[in-house]
Amino acid sequence: MNRSPTLPDVPAADARPFLSLVVPVFNEVESLGPMHQAVVAALEPWGKTWEAIYVDDGSSDGSFEVLRGLCERDPRVKAVRFRRNFGQTAAMAAGFAHAAGEVICPIDADLQNDPGDIPMLVAKLDEGYDLVAGIREKRQDKALTVVIPSRIANRIIARVTGVALQDNGCTLKAFRAEVLHDVRLYGEAHRFIAAFAAMAGARIAQLPVRHHARRWGQSKYNLSKTFRVVLDLITVRFLLAYATKPTYFFGRFAFGCFGLGGAALVWTLVQKFGFGIFVKDQPMFLVGIFFLLSGMQLLLFGLLAELNMRTYYESQGKPTYFVRERINVGTPARP
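Going by the working numbering, 290 is the number at position 306 of the sequence shown; the sequence numbering is gapless.
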């Protein structure tokens, strides 16, 4: 097993660091030592306080033992260990939940992202942005199985969500911490953090970042994740457009069915009184009944979804809006 290198003694971080680095880890035993050395080399000259939260997503190769050693040597290093593998989205969600910094920056543990780009992304936030996303330049991945599918996916995601990020799959981003307070991640939704942030009114910028070839371990990406991403994309689109008004979604289809059903029944009457064709001999009568019943069911689904939505927001005291700032007024007792 590889052991982490000896790091110099450093003082404990402030009660609230300026930056929280969130690093999902899954079987990266060989890269963790060099990764942390690169983080220290990038952030020490920067002069701002920081912490690094490594989330071990059920590794089986001794990664957590390396993290334990890093925590003992550097008090700015925090480690969270899952009981089993839950996936990158869960690891990032856990890192965000444990982060104490004013700015939160997720980054991969394999050193394909360059920690040296972090100060540049954070500096961009000072221009008034809430989220700065990295765009991997000259990607060092396999073109056929990774790069090309990624480009296609980025275009689809941009079209569906309305958030035109060039590289949704780039983990390296910088967020203002408050942007992530109401973001809940499930499935493979870490790719859609920018879309959720945009739903909350976040101002988003993009910057090119460096990308390096993997030197240790195996890539965790495979094409089977594409199907899960597509399903999550459907969910994200629904949440973006109809989270607080689900009856609008179901209502469109319900009225469409009512229209088709009504047209079929009108045609049935025309056939009966215009051409003497009895109802029992007309399949359009059954088609009309089918569409009318389908429309009624969709309308009822919409009403049930509306009741669930209202229960969700009201029972937890969640607002249906997001406030950027207040002047001469405090936070209301109720949202």
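Some hints could be false.
Claimed, not checked - Label-pair ranges, simulated between beta-carbon atoms:
| # | residue 1 | residue 2 | range |
| --- | --- | --- | --- |
| 1 | 243 | 119 | 29 to 37 Å |
| 2 | 18 | 119 | 21 to 29 Å |
| 3 | 21 | 140 | 31 to 39 Å |
| 4 | 197 | 280 | 29 to 37 Å |
| 5 | 168 | 280 | 31 to 39 Å |
| 6 | 107 | 284 | 48 to 56 Å |
| 7 | 194 | 225 | 41 to 49 Å |
These aren't lab readings, by the way, just hints derived from the structure by calculation.
Where a beta carbon is used, it is the ideal one built from N, C-alpha and C, also for glycine.
Against the structure, the hints:
1. 243 x 119: 29 to 37 Å: For residue 243 and residue 119 the Cβ distance comes to about 45 Å; the hint is violated.
2. 18 x 119: 21 to 29 Å: holds, 24 Å
3. 21 x 140: 31 to 39 Å: With Cβ atoms ~38 Å apart, the hint holds.
4. 197 x 280: 29 to 37 Å: Because 58 Å falls outside the window, the suggested range is violated.
5. 168 x 280: 31 to 39 Å: For residue 168 and residue 280 the Cβ distance comes to about 33 Å; the hint holds.
6. 107 x 284: 48 to 56 Å: For residue 107 and residue 284 the Cβ distance comes to about 53 Å; the hint holds.
7. 194 x 225: 41 to 49 Å: violated, 36 Å
In this structure, the earlier hints numbered 1, 4, 7 are contradicted, and the remaining ones agree with it.
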